[in-house]
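Chains H and W supply the protein sequences, listed in that same order. With my numbering applied, the first sequence has no gaps in its numbers, which climb one by one up to 73 at the end. With my numbering applied, the second sequence has no gaps in its numbers, which climb one by one up to 483 at the end.
Think of the hints as simulated: they come from the structure by calculation, not from any bench. Among the clues, some could well be false.
[To be verified] Calculated lysine to aspartate or glutamate pairs in the EDC-like style (CA-CA distance at most 16 Å, straight line):
no.	chain 1	residue 1	chain 2	residue 2
1	W	LYS257	W	ASP202
2	W	LYS298	H	ASP33
3	W	LYS341	W	ASP352
4	W	LYS248	W	GLU277
5	W	LYS197	W	GLU374
6	W	LYS298	H	ASP55
7	H	LYS29	H	GLU50
8	W	LYS341	W	GLU374
9	W	LYS467	H	GLU50
10	W	LYS248	H	GLU51
11	H	LYS69	H	GLU58
12	W	LYS248	H	GLU50
13	W	LYS167	W	ASP143
14	W	LYS467	W	GLU406
15	W	LYS446	H	GLU11
16	W	LYS351	W	GLU365
17	W	LYS454	H	GLU67
18	W	LYS127	W	GLU172
19	W	LYS276	H	GLU58
20	W	LYS276	H	ASP33
21	W	LYS276	H	GLU67
22	W	LYS248	H	GLU11
Given next are the chains, with one letter for each unit.
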Amino acid sequence: MEEKLLNILNELLQSTGRDKITSINDEMKLREDLGFDSFQLAELTVYIEEEFGIDIFEDGLIATIGEIKAKLK
Amino acid sequence: MNEIFYIDYSTNDSKTYSDLFSDIKQENKYTNICQYDNFYKVFKHIVTSILLDKEVVLLDSDFTISEKEDLLSDVEIFETEYSFENEIDFNHLKKKISESNSNWKITLFTSGTTGKPKKISHSKSTLIDNIRINEKRINDIWGYAYSPTHMAGLQVFLQALLNHNTIVKLFGLPKTNIISSILKNKVTHLSATPTFYKLLLPKETSFDFVQNVTFGGEKLPETLKNQLSELFPKAKFLNIYASTEAGALFAAHNDTFKIKPNLQSYVKVENDVLYVHKDKVGHSDNIQFENEWYNTGDIVEIVEENPLTIRFISRKNEMINVGGYKVNPHEVENLILTFEEITEVKVYSRPNSVLGNMICADIVLTKNKSLTKQELIQRLKNHLQDFKIPRIIKFVETIEKTKTGKIKRA
């Protein structure tokens, strides 16, 4: 699951002209650390839902990688 | 009475009403074009325009140069010098507001239904005369969560200004700063889109000082409303119906809008569509009236005939609502079709829990040409504001058409 998530994050990072990351940790913040804005977070929900079948923002906005992983378990 | 006019927690900007009027007095040049990143500058410009009784044209700060040239192509841009001999203060503003012969005009742009954004101008009578000025409101502190260049933001600004209230900027701030700003400044009134309120969830703290929570710009989902009741335990909830064409017309505590007595003769429903009389509508060359009535394009259900009470079923059919911003798919399609690598395009929306709706595009590439998603988005960024740009892009072989050759839309 972590690998798939990492791939999705990297695709999104690359498509906005930023560098790929080699690893993720639970504390990483989506907005502050990965630099995602609302449009990118919206895209993220689409890719994650396509891959895992879960809408991670359904109950409200989450802020970190750890919170995403918790939703996907 | 609040001495503080404006607070921006993230830049440590704090301006009193005295600051506002002395800043205005210090300047001596005035132009009708108002385009700034900084909200205080936008507010100051609008106040100046009222004091000088001159036109002001509001432009989003993120309009690109090419968008701006297009929008201003039929606007007479002017610059003039001015000076106030004596000190100016809030009483001067009040006096100007109450004067009957006013040349004041404020122009905004809204997404049109056929491509180019529509220019709409409002005067004192269609915009300011409806603002509720009341002794009871004197200590209101507003959490400002809209852009000042759109109708919702303009209405909240005028409401706060004319009641001598404090405006606390919340727009564009990260969640922690929004929460701190609301708590630190004891915000009493919030007005924002449902997408903005979602930023405050999951609940970290409750905001006990907030008395009024107002929603506008998008339909409010029931689940969100319930979650927000926990965040704002003492607040009254209000839904506002507003449009750039007609300002903020109605308010409701739930989803049924009872039309106030003074508006009953200016509003009607025909074939399930809401019409507003032209006396209540701003001026625009692009608005077509049907016998003095403006077709809002909003589909409504009549809950009661007398007094007229309605429920909104859908708003402006084809417009896509992205976090409160309205996107005209035709405008985006027309632009994409100017790229030689693309022969056909369909711009549409899909629901999204972050933004309400997301813009998507199906693209048919020209034979022997190539264009990546990244390249397309990069190009669009030079011509369009961010919220209009499709993020989910699919390259397809064909796009389904109707019998008359139009793109088939759901």
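Hints versus structure:
| no. | hint | in the structure |
| --- | --- | --- |
| 1 | LYS257(W) / ASP202(W) | 33 Å, violated |
| 2 | LYS298(W) / ASP33(H) | 30 Å, violated |
| 3 | LYS341(W) / ASP352(W) | 13 Å, holds |
| 4 | LYS248(W) / GLU277(W) | 10 Å, holds |
| 5 | LYS197(W) / GLU374(W) | 31 Å, violated |
| 6 | LYS298(W) / ASP55(H) | 20 Å, violated |
| 7 | LYS29(H) / GLU50(H) | 22 Å, violated |
| 8 | LYS341(W) / GLU374(W) | 12 Å, holds |
| 9 | LYS467(W) / GLU50(H) | 14 Å, holds |
| 10 | LYS248(W) / GLU51(H) | 28 Å, violated |
| 11 | LYS69(H) / GLU58(H) | 14 Å, holds |
| 12 | LYS248(W) / GLU50(H) | 27 Å, violated |
| 13 | LYS167(W) / ASP143(W) | 36 Å, violated |
| 14 | LYS467(W) / GLU406(W) | 14 Å, holds |
| 15 | LYS446(W) / GLU11(H) | 12 Å, holds |
| 16 | LYS351(W) / GLU365(W) | 5 Å, holds |
| 17 | LYS454(W) / GLU67(H) | 31 Å, violated |
| 18 | LYS127(W) / GLU172(W) | 14 Å, holds |
| 19 | LYS276(W) / GLU58(H) | 14 Å, holds |
| 20 | LYS276(W) / ASP33(H) | 22 Å, violated |
| 21 | LYS276(W) / GLU67(H) | 15 Å, holds |
| 22 | LYS248(W) / GLU11(H) | 26 Å, violated |
The structure is inconsistent with the numbered hints 1, 2, 5, 6, 7, 10, 12, 13, 17, 20 and 22, although it conforms to all the rest.
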